[in-house]
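*Asks:* Chains as they are written, first to last, in the numbering used here: chain Z, 1 to 157; chain F, 1001 to 1207.
In short, the hints are calculated from the structure, not lab data. Glycine is no exception: its CB is placed at the ideal position from the N, C-alpha and C atoms. One or more hints might be untrue.
Claimed, not checked - Derived CB-CB ranges, DEER-like: (1) Z:16 / F:1128: 48 to 54 Å; (2) F:1115 / Z:15: 57 to 63 Å; (3) F:1112 / Z:110: 45 to 51 Å; (4) F:1011 / Z:139: 22 to 28 Å; (5) F:1116 / Z:73: 18 to 24 Å; (6) F:1121 / Z:53: 41 to 47 Å; (7) Z:101 / F:1175: 53 to 59 Å; (8) Z:151 / F:1184: 50 to 56 Å; (9) F:1019 / Z:143: 27 to 33 Å; (10) F:1164 / Z:146: 36 to 42 Å.
As the list claims (entries may be wrong) - Covered stretches of chain Z, as calculated for chain F (at least 3 residues, CB under 8 Å): (11) 109–123; (12) 142–154.
Said to hold, decoys possible - Some chain F residues close to chain Z (C-beta under 10 Å, calculated; not the full set): (13) 1006; (14) 1007; (15) 1009; (16) 1010; (17) 1012; (18) 1014; (19) 1016; (20) 1018; (21) 1019; (22) 1020; (23) 1023; (24) 1024; (25) 1136; (26) 1145; (27) 1148.
Chain by chain, the residues run as shown.
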Amino acid sequence: MNRPEFGAEFSAFYGREHAEQVRRAFLLVGSQGVAEELVHDAFVGVLTRWAEIAEPGAYLNRSVVHACRRHSRRRAVVDVGGHRDVRLSEIAVESPEEAVAVGQLLLSLPFRQRASIVLRFYAHMTEAEIADGLGCRPGTIGPAIHRGLKKLRKEIT
Amino acid sequence: MTGTAFESRLEAALEELAASISPRSSVGDVLRPLAAPIGAGPRSRRRLIVAAALVIIVGAVAFVMFRANPGGVETVPPVGVQDEAGFPFTEPSTGQGALASFAGDLAIWMDPTAADADRSTIEAELATIELVASWQYYDRDEVYAEFVELFADTPEMLAVVTADVLPARLDLTVVEGTSRDLVDELASRFVGRPGVRDVIVRLDYGQ
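Could you put together the complete structure from these sequences and hints?
*Replies:* Written as structure tokens, this is what we have:
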């Protein structure tokens, strides 16, 4: 692949994927600023391995989900570039009450349950795709969704 | 309530939440660090700056990114690498390292093939420019050392980037209070000079 093609392909890929990946990551980490940082870094990873990655979309999914999981574990302090951050727990103003409650409850779920729910009900991915993104066996996704839904349903009636 | 009805409500709520943000693409905030001087931000950003320069210098990719480019910044996306364990998230720097404390206002990246005379010409000229408060020259070995420091946890990057592809750099600090316009003018003065690959002004300069 020559360089101009590479550039055009990557640009198109970025254009297709960027906003949705940020929204997805936002639901997983609860902060727009952090989501943008993590997604940005994931794109950097894809860019550097563009020639060797067979399915950049799947690779990107894995990278973003993994980065979100790492972030959730570490609760790292991330510089969001000085702009005002948007946090899932603080967006009550325009959103309906139920959406806000869902957002806050999501953040209280264990990461795998939260990610399974977001990838299933927001990104509309199959269980196999979710398992690929999370790096776990497909058989574990159904139960994770089930448990997560159960908790959400208990709180939201 | 049936599971399906609940799931529909859940989908609607997630959609609502996701729609409440407007993701900012590279051109604004993401490209911002590319124009900042080395040492001005967290480590991840410093990596991007060095890597962006690599893109410019090595000529690996020169792509035009989507949409307008309001800042007038070189629209070159950053290059970096994930670590083998998977993942690209980096902690903010603690500011360690030889170059970490420097916060210049613009950087003149030389060509890898630049001659000593090219540098001498530029430095002689810098000495005559009043609004240049100071500058520091980093030779190719120093730039490489900085690169190694920044990408210490990324062996793949270190494996493919060798000292011979990295160019030297002049970091300039201008007299305090110099207007943005004058700094831009100063930068443009060196663009296209023999031996100069690119001149980058700190994007938030003057803000």
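*Asks:* Now, for every hint given, state plainly whether the structure supports it.
*Replies:* Checked hints:
{"no.": "1", "hint": "Z:16 / F:1128: 48 to 54 Å", "verdict": "holds (50 Å)"}
{"no.": "2", "hint": "F:1115 / Z:15: 57 to 63 Å", "verdict": "violated (41 Å)"}
{"no.": "3", "hint": "F:1112 / Z:110: 45 to 51 Å", "verdict": "holds (50 Å)"}
{"no.": "4", "hint": "F:1011 / Z:139: 22 to 28 Å", "verdict": "holds (24 Å)"}
{"no.": "5", "hint": "F:1116 / Z:73: 18 to 24 Å", "verdict": "violated (50 Å)"}
{"no.": "6", "hint": "F:1121 / Z:53: 41 to 47 Å", "verdict": "holds (44 Å)"}
{"no.": "7", "hint": "Z:101 / F:1175: 53 to 59 Å", "verdict": "holds (55 Å)"}
{"no.": "8", "hint": "Z:151 / F:1184: 50 to 56 Å", "verdict": "holds (55 Å)"}
{"no.": "9", "hint": "F:1019 / Z:143: 27 to 33 Å", "verdict": "holds (29 Å)"}
{"no.": "10", "hint": "F:1164 / Z:146: 36 to 42 Å", "verdict": "violated (57 Å)"}
{"no.": "11", "hint": "109–123", "verdict": "holds (count 4)"}
{"no.": "12", "hint": "142–154", "verdict": "holds (count 3)"}
{"no.": "13", "hint": "1006", "verdict": "holds (6 Å)"}
{"no.": "14", "hint": "1007", "verdict": "holds (6 Å)"}
{"no.": "15", "hint": "1009", "verdict": "holds (7 Å)"}
{"no.": "16", "hint": "1010", "verdict": "holds (5 Å)"}
{"no.": "17", "hint": "1012", "verdict": "holds (8 Å)"}
{"no.": "18", "hint": "1014", "verdict": "holds (4 Å)"}
{"no.": "19", "hint": "1016", "verdict": "holds (4 Å)"}
{"no.": "20", "hint": "1018", "verdict": "holds (4 Å)"}
{"no.": "21", "hint": "1019", "verdict": "holds (8 Å)"}
{"no.": "22", "hint": "1020", "verdict": "holds (5 Å)"}
{"no.": "23", "hint": "1023", "verdict": "holds (4 Å)"}
{"no.": "24", "hint": "1024", "verdict": "holds (6 Å)"}
{"no.": "25", "hint": "1136", "verdict": "violated (25 Å)"}
{"no.": "26", "hint": "1145", "verdict": "violated (21 Å)"}
{"no.": "27", "hint": "1148", "verdict": "violated (17 Å)"}
The structure is inconsistent with the numbered hints 2, 5, 10, 25, 26, 27, although it conforms to all the rest.
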